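*Asks:* Sequence:
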Amino acid sequence: MKKLIYLMLIMLMFSCSSVKDKSSGTALELEKLAKSDLNAMIVTGKMDAAFESKSYNFAFKMVIGQSDSLEMEVFGPFGVSVGKLFADEKNFTFLNSFENRIYKGKSSMENFKRAFRIMISIKELIALVRNSLPYSQMEYVISESSEAGNLYKYIAPTGEFADFLFVNNSGITKFQRKETGNILSMNADMSNFELIDNYSLAKTINWSFPSAKADLNIKIDKFTINPEGVKPKMFTYSSNMTVIDLDTIE
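For the sequence shown, this note's numbering assigns the number 628 to the initial residue and increments by one for each residue that follows.
Quick caveat, the hints were computed from the structure, so don't treat them as lab data.
Bear in mind that the values here come from a model prediction, so they are computed numbers and not experimental data.
There may be inaccurate statements among the hints.
[As the list claims (entries may be wrong)] With a straight-line cut-off of 20 Å between C-alpha atoms, the simulated DMTMM-like cross-links for lysine to aspartate or glutamate are: (1) 846 <-> 675; (2) 659 <-> 766; (3) 711 <-> 695; (4) 858 <-> 664; (5) 717 <-> 872; (6) 801 <-> 766; (7) 688 <-> 715; (8) 731 <-> 874; (9) 801 <-> 658; (10) 688 <-> 855; (11) 659 <-> 695; (12) 805 <-> 751; (13) 733 <-> 695; (14) 846 <-> 816; (15) 731 <-> 700; (16) 805 <-> 787; (17) 662 <-> 766; (18) 717 <-> 751; (19) 801 <-> 656; (20) 801 <-> 842; (21) 849 <-> 700; (22) 662 <-> 716; (23) 780 <-> 766; (24) 860 <-> 715.
[What the hints assert, rightly or not] Okay, the calculated beta carbon distance ranges per label pair: (25) 774 <-> 855: 38 to 46 Å; (26) 844 <-> 707: 19 to 27 Å; (27) 831 <-> 877: 32 to 40 Å; (28) 808 <-> 768: 18 to 26 Å; (29) 778 <-> 827: 13 to 21 Å.
A virtual CB, placed ideally from N, CA and C, is assigned to each residue, including glycine.
Put together the whole structure using the sequences plus the hints.
*Replies:* Here's what the structure looks like:
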């Protein structure tokens, strides 16, 4: 009888400690993914884009400031600049060299969709490259858990969409967005992780946007972490370029 009671006490203690470890483990996992001390990074690489059966190949350079600002330049054949982007939490400016146009507006998902035909915000774009959380860790709830990893869910305040992040020991390996009606509007798979200055970063990102019939595959050549004196800067452009104010388009 004493042995039975002793065994039951051990099982109870083990059960309680397991629950406690799981709860604290997910909180620590999300805190690590926030990467709050990653202040700046320079990212260079190549991207293959496909829009409505047309394919494009580019090289790029990004300068990312914390989790809310981005400077990016895209290069075509022979290193010719074909596009520039500057964006922060408030506004963004996109230069399209092919069209000799400037697209400007507030940094909203709606304006990004008008300019690029994909529904994504600047915070989410930056987060996917940083392999970090686009929103506060308090806004994510664990949806499923297994030995392979954890699935976290974020619901937009408007209820317009829900995001799902699958996380394992490497970091965020899958990001999905489902809009009203459980419609998949975006899927991103992250792989080829590398530990750089204690940050786990994915060097391959494969995006798909089913509703826009678009795919974007990014292969990152190099990350430079927290370089001194580096931050995203607004670029200059010629006064003879056509300026499109996206805030005035319905």
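*Asks:* Does each hint fit the structure? Answer for all of them.
*Replies:* Against the structure, the hints:
Note on residue 846 and residue 675: the hinted pairing holds, with a Cα-Cα distance of about 9 Å set against a maximum of 20 Å. For the proposed pair residue 659 and residue 766, the alpha carbon gap of about 15 Å is at most 20 Å, so the pair holds. Between residue 711 and residue 695 the alpha-carbon distance is near 17 Å, which keeps this suggested pair within the 20 Å criterion. For the hint pairing residue 858 with residue 664, the CA-to-CA distance comes to about 15 Å; that is within 20 Å, so the pair holds.
Among the hinted pairs, residue 717 with residue 872 is consistent with the structure: their alpha-carbon atoms are about 14 Å apart, no more than 20 Å. A distance of roughly 18 Å separates the Cα atoms of residue 801 and residue 766; the hinted pair therefore holds under the 20 Å criterion. For the proposed pair residue 688 and residue 715, the alpha carbon gap of about 17 Å is at most 20 Å, so the pair holds. For a cut-off of 20 Å, the pair hint linking residue 731 to residue 874 stands: about 8 Å separates their Cα positions.
Annotation: proposed proximity of residue 801 to residue 658 holds, straight-line Cα distance about 18 Å (limit 20 Å). Distance check on the hinted pair: residue 688 and residue 855 sit about 17 Å apart at the alpha-carbon level, within 20 Å; holds. A distance of roughly 18 Å separates the Cα atoms of residue 659 and residue 695; the hinted pair therefore holds under the 20 Å criterion. For the proposed pair residue 805 and residue 751, the alpha carbon gap of about 14 Å is at most 20 Å, so the pair holds.
At most 20 Å may separate the alpha-carbon atoms for a hinted pair to count; residue 733 and residue 695 meet this at roughly 13 Å. A threshold of 20 Å between alpha carbons decides the hint, and for residue 846 with residue 816 the separation of about 12 Å falls inside it, so the pair holds. A hinted pair counts as satisfied when its Cα atoms are at most 20 Å apart, and residue 731 with residue 700 qualifies at roughly 16 Å. A distance of roughly 9 Å separates the Cα atoms of residue 805 and residue 787; the hinted pair therefore holds under the 20 Å criterion.
The hinted pair formed by residue 662 and residue 766 meets the criterion: a straight-line CA distance of about 16 Å does not exceed 20 Å. Annotation: proposed proximity of residue 717 to residue 751 holds, straight-line Cα distance about 14 Å (limit 20 Å). Our distance criterion of 20 Å between C-alpha atoms is met by residue 801 and residue 656, whose separation comes to about 15 Å. Distance check on the hinted pair: residue 801 and residue 842 sit about 15 Å apart at the alpha-carbon level, within 20 Å; holds.
Taken as a hint, the residue 849 and residue 700 pair is honoured in the structure, with Cα atoms around 15 Å apart against an allowance of 20 Å. Restraint check for residue 662 and residue 716: the C-alpha separation of about 18 Å stays at or below 20 Å, so the hint holds. Among the hinted pairs, residue 780 with residue 766 is consistent with the structure: their alpha-carbon atoms are about 8 Å apart, no more than 20 Å. Between the alpha carbons of residue 860 and residue 715 the distance comes to roughly 10 Å, so the proposed pair stays at or under 20 Å and holds.
Checked against the given bound of 38 to 46 Å, the beta carbons of residue 774 and residue 855, roughly 41 Å apart, stay inside it. Checked against the given bound of 19 to 27 Å, the beta carbons of residue 844 and residue 707, roughly 21 Å apart, stay inside it. The hinted window of 32 to 40 Å between residue 831 and residue 877 holds, with their beta carbons roughly 38 Å apart. A hinted range of 18 to 26 Å holds for the C-beta pair residue 808 and residue 768, which are about 21 Å apart.
About 18 Å separates the C-beta atoms of residue 778 and residue 827, a value consistent with the hinted range of 13 to 21 Å.
Violation of the numbered hints given earlier is absent; every hint is satisfied by the structure.
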